[in-house]
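> So the chains spell out like this:
Number of protein chains: 2
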Amino acid sequence: MNGEISKSLSAENAKELLNSVDAFLFDCDGVIWKGEKLIDGVPQTLDLLRSHGKKLVFVTNNSTKSRKQYAKKFHSLGIPVNEDEIFSSSFAAAMYLKVNDFPREKKVYVIGEEGILEELEQAGFTALGGPADGKKNIELKSDCLFEHDKNVGAVIVGLDQYINFYKLQYGTLCIRENPGCLFIATNRDAVGHLTDLQEWPGAGCMVAAICGTTQKEPITVGKPSTFLMDFLLQK
Amino acid sequence: MNGEISKSLSAENAKELLNSVDAFLFDCDGVIWKGEKLIDGVPQTLDLLRSHGKKLVFVTNNSTKSRKQYAKKFHSLGIPVNEDEIFSSSFAAAMYLKVNDFPREKKVYVIGEEGILEELEQAGFTALGGPADGKKNIELKSDCLFEHDKNVGAVIVGLDQYINFYKLQYGTLCIRENPGCLFIATNRDAVGHLTDLQEWPGAGCMVAAICGTTQKEPITVGKPSTFLMDFLLQK
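From first to last, the protein sequence lines are chains A and B.
Quick note, the first sequence lines up with residues 1 to 235 if you use my numbering.
Quick note, the second sequence lines up with residues 1 to 235 if you use my numbering.
Source of the hints: derived by calculation from the structure; they are not laboratory data.
Don't take every hint at face value.
Pairs involving identical chains hold if they fit within one copy or between any two copies, as the list cannot separate such chains.
Stated by the list, open to error - Below are the PhoX-like pairs computed for lysine-lysine, each with C-alpha atoms no more than 20 Å apart in a straight line:
#: 1; residue 1: 106; residue 2: 235
#: 2; residue 1: 37; residue 2: 141
#: 3; residue 1: 135; residue 2: 15
#: 4; residue 1: 106; residue 2: 15
#: 5; residue 1: 98; residue 2: 68
#: 6; residue 1: 73; residue 2: 141
#: 7; residue 1: 235; residue 2: 223
#: 8; residue 1: 72; residue 2: 37
#: 9; residue 1: 68; residue 2: 55
#: 10; residue 1: 72; residue 2: 34
#: 11; residue 1: 235; residue 2: 54
#: 12; residue 1: 141; residue 2: 72
#: 13; residue 1: 106; residue 2: 150
#: 14; residue 1: 135; residue 2: 68
#: 15; residue 1: 136; residue 2: 106
#: 16; residue 1: 34; residue 2: 141
Work out the full structure, taking the sequences as your base and the hints as a guide.
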């Protein structure tokens, strides 16, 4: 899908490449679409690959949507893609917990958006935080005590447009005070094209904030991570 | 002021120490006060030092207040302290700009609270952001364009209980897009005792968030920094 590589491929080389590869992994932002617009040539390329029986996987670090929501986006752009062909970092976070036998009775605190909550729920985990904590304010009084759920066993941090002091304190307390609590980053992208015209702070911003308070480093599950590649290879 | 050191000082040693030192630097949180309560023995110790003609400096990394506001806090606790005996990280940030001849026609964007704005104003600089941007929301539409002031020449990041996506984007755009824009951290404390009973995310949290989006490291002006020590030594 990269312009420069495409140019240097002769018709013969392209055929050879096609024959030698069983599965194609695609990034989404900037490869399939830019904002809400489909990139030229994408539908034809995908049709061609499908007609040759190739397996397609669409990978995205943007954790704000679930696979279901991404499938809807693909359909709205006129591309038929199944949910199980999509690998979003929101899904990756839920799969990390599943693969590592995260106890079902434990809870997960989310600094992030709807996509992570949906994937956690679909994988059978109990999630707290996310959009529900987006408008919570704290009034700091000298004798106030901020309580957190001692049963939270993992904090997942992704892109969160509604980041606030409440969520930062909640996530920090879980990681610092709940024994063995995991700290999972959907990804660490510094910025991302949330709109057509410019970049915005990415998950790397929120993840760094929690690194700053906890002085801990997260497990990263999106691109580039060994978890993602291992998981896709086993699929 | 440290309990262990005090115990190991004999009366004679203490006298020797007192005679050999002209100025005493005190931390505030946990040394002078804890939350809103004065620590035992503080007024007597300070009186003793003053009666021997010692210079006293009160240093604090908490940037939410200005020196003026700290002087008020000292007075309310029954300790007479002058504004010019206080060295807060909010003041340190303004002094960094002054010492480095930051152009008066340039503006400063603040991720932080009232204290930084007050110190900037008192030092004759034009500040944007801070509490005024605490309730600003962004509605992300594909064609929206977030505008920032191209005349911002420095971004100061301190503790901000009202941190939000708006401020993170504003600060990031200034640092990434305004040529030569400075990135100044009041301090990088991971957490701080904002209330009596527990710790809360410190300036290190907000600073790390901006490091995460800009992929740049700040100039730190509070403890521990060479700027602070050099400035105090010259005073």
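> What are the numbers of the hints that this structure violates, sorted from low to high?
The structure breaks hints 1, 3, 4, 14 and 15; every other hint is satisfied.
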